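With the sequences and hints as input, model every part of the structure.
Going down the list, the protein sequences come from chains A and B.
Residues 0 to 157 in numbering that gives the first Met the number 0 are what the first sequence spells out, letter by letter.
Residues 0 to 157 in numbering that gives the first Met the number 0 are what the second sequence spells out, letter by letter.
Just so you know, the hints here were simulated from the structure itself, not pulled from any lab data.
Don't take every hint at face value.
Repeated chains share a single entry, so a pair holds when one copy, or any two copies, can fit it.
Said to hold, decoys possible - The calculated SDA-like cross-link candidates involving lysine to any residue, where the alpha carbons are at most 20 Å apart (straight line), are: (1) K76 <-> G50; (2) K138 <-> R46; (3) K16 <-> G148; (4) K145 <-> R46.
Treat the numbers as computed from the prediction; the structure is a model and nothing was measured.
Next come the chains, spelled out residue by residue.
There are 2 protein chains.
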Amino acid sequence: MQTIQYYPVGRIVSPFKDTVGVPRQAAGARDVGAKIEVFEEFTAGLRDLDGFSHIVVVFHFHMVTRSSLTAHPPWDKGDHGVFATRSPYRPNPTGVSIVRLDGVDGSVLQISGVDMIDGSPVLDIKPYIPELNPSGSVKVGWLAGKMDGMIRSCSGDR
Amino acid sequence: MQTIQYYPVGRIVSPFKDTVGVPRQAAGARDVGAKIEVFEEFTAGLRDLDGFSHIVVVFHFHMVTRSSLTAHPPWDKGDHGVFATRSPYRPNPTGVSIVRLDGVDGSVLQISGVDMIDGSPVLDIKPYIPELNPSGSVKVGWLAGKMDGMIRSCSGDR
Chain A
0 MQTIQYYPVG RIVSPFKDTV GVPRQAAGAR DVGAKIEVFE EFTAGLRDLD
50 GFSHIVVVFH FHMVTRSSLT AHPPWDKGDH GVFATRSPYR PNPTGVSIVR
100 LDGVDGSVLQ ISGVDMIDGS PVLDIKPYIP ELNPSGSVKV GWLAGKMDGM
150 IRSCSGDR
Chain B
0 MQTIQYYPVG RIVSPFKDTV GVPRQAAGAR DVGAKIEVFE EFTAGLRDLD
50 GFSHIVVVFH FHMVTRSSLT AHPPWDKGDH GVFATRSPYR PNPTGVSIVR
100 LDGVDGSVLQ ISGVDMIDGS PVLDIKPYIP ELNPSGSVKV GWLAGKMDGM
150 IRSCSGDR
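Below is the structure:
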């Protein structure tokens, strides 16, 4: 099968050292401070990023060693297709999180609202632009009425 | 350097056959219909996705053959660090777009609001969950007041 090769442009420095206790979603950890150390050779790519209050971080779930086509959140009753969940145990273990950008200091981004584990490879950083969100009504399927479960809980097995 | 290998779980079927005329952002193409053909072996991962009105599509800019640490949008005056832009010419040419999910028919997702080129490899599909967006005020740095330029324009060189 055709494969696509990416390489880290930086790494996460986070208080969460392993999967135990890491928040399920960035939105559940708004006050948790962390850093992105961007590798020296990519620092020029950060110019003008400091004007943005939030960034989209594309990262690799490096501690994930298995994948599944279904996911069973511990706070929910049944299985769901993995593409209908935010489980990290997915065919390509890629995370996409929106975090607050508190400052840029050379090649280091100070961030908060972090659900990433320490050492996670960062593949891409994009500015968060609310105008790219859907306008109009949004339906969230099986998650309707279950946001609290998803956002607030922590677990060793997300 | 450590590399990360991903593989396509599907591909985009889009009216945009190459980089000429493709909208800059999904938000600039809300009425453009397209499809994601999910490969047979991943179809089980789609269960329950049909309840969501919007999805986050992580895809590969397969027609990008160069990368740069700076980007100069044709509708703006100067260069910006690539991580402060949505340019596809980035160290890892990964796109993250929110599109409307109009229907699920077996392994085919009918979508609209598409800025992807036909044949783009899809790496991941996630449910769009507005509760994961930032609460409170958001600053968009150099893009402030320039959303129209970013969202409305089409170009052969984004």
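Evaluation of the provided hints:
1. Proximity of K76 to G50 under the C-alpha cut-off of 20 Å is restricted to the inter-copy arrangement: shortest distance 17 Å between copies versus 42 Å within a copy.
2. In this assembly of identical chains, the alpha carbons of K138 and R46 lie at most 20 Å apart only when taken from different copies (16 Å versus 36 Å within one copy).
3. In this assembly of identical chains, the alpha carbons of K16 and G148 never lie at most 20 Å apart, being 23 Å within a copy and 42 Å across copies at closest.
4. Taking identical chains as interchangeable, the C-alpha atoms of K145 and R46 lie at most 20 Å apart only when they sit on different chains, with a minimum of 18 Å there against 39 Å within one chain.
When held up to the earlier numbered hints, the structure conflicts with hint 3 and nothing else.
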